[in-house]
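Participant: In order, the protein sequences belong to chains D and G.
With our numbering as the guide, the letters of the first sequence map in order to residues 15 to 131.
With our numbering as the guide, the letters of the second sequence map in order to residues 910 to 1022.
Please note that the accuracy of each hint is not assured.
The calculated lysine to aspartate or glutamate pairs, modelled on EDC-like cross-linking and capped at a C-alpha distance of 16 angstroms, are [to be verified]:
hint	chain 1	residue 1	chain 2	residue 2
1	G	Lys1014	D	Asp73
2	G	Lys958	D	Asp73
3	G	Lys1014	D	Asp52
Bear in mind the hints are in silico, worked out from the structure with no lab data behind them.
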Amino acid sequence: DVKVTQSSRYLVKRTGEKVFLECVQDMDHENMFWYRQDPGLGLRLIYFSYDVKMKEKGDIPEGYSVSREKKERFSLILESASTNQTSMYLCASSFRGRGSRSYNEQFFGPGTRLTVL
Amino acid sequence: AQSVTQLGSHVSVSEGALVLLRCNYSSSVPPYLFWYVQYPNQGLQLLLKYTSAATLVKGINGFEAEFKKSETSFHLTKPSDHMSDAAEYFCAVSDPRSTALIFGKGTTLSVSS
Chain D
15 DVKVTQSSRY
25 LVKRTGEKVF
35 LECVQDMDHE
45 NMFWYRQDPG
55 LGLRLIYFSY
65 DVKMKEKGDI
75 PEGYSVSREK
85 KERFSLILES
95 ASTNQTSMYL
105 CASSFRGRGS
115 RSYNEQFFGP
125 GTRLTVL
Chain G
910 AQSVTQLGSH
920 VSVSEGALVL
930 LRCNYSSSVP
940 PYLFWYVQYP
950 NQGLQLLLKY
960 TSAATLVKGI
970 NGFEAEFKKS
980 ETSFHLTKPS
990 DHMSDAAEYF
1000 CAVSDPRSTA
1010 LIFGKGTTLS
1020 VSS
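Please construct the entire structure, taking both the sequences and the accompanying hints into account.
Facilitator: Have a look at this one:
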């Protein structure tokens, strides 16, 4: 089974702190994603990566950066945390597949609930 | 552009009743469609997926969904629900032009005894 793990389930930080959220997957997936989830807004894509050292902005990249130095690990960085970044953060991975289309099925980690005070 | 609409942000049913969660999609190409479930304080878990084989898809925990191209719908059903089905459910469509999934805003299912 695919396993996606996230470094923390719950995190409390102060405004202005630099925050690192780590995600690791063990199925050799090429694609990895970071989402934030807020009530009534569903899942919003922050960034995704389709290969080592490659990244693409999602719908809401402002205030975030990412790093992918190894295939299995994808980090989300909040350079200077703010209270409006209090949210549930979900990491996911998917297999790129072969041919013109892949299924794009994504496998999710358990989430990190971040509170910024 | 692809999009997903989940009708009803909150659905309440009695235990043992039929569950129907609605999802409509917009896509210019044949889509792949997914239903995910999220239990409180957990990540998303795949319930079922449609990948252009059979239009009636069976998933885990007794859930199933039917792909109806003419109605651009992929509604999720379960004949008889349980208290343990109380969760948030997300419908998603695959965008063939990228690696992304497009998610609906979710439907919270409440089950009363």
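Participant: All the hints need checking, so say for each whether the structure fits it.
Facilitator: Each hint, compared with the structure:
no., hint, result
1, G/Lys1014 x D/Asp73, "14 angstroms, holds"
2, G/Lys958 x D/Asp73, "24 angstroms, violated"
3, G/Lys1014 x D/Asp52, "10 angstroms, holds"
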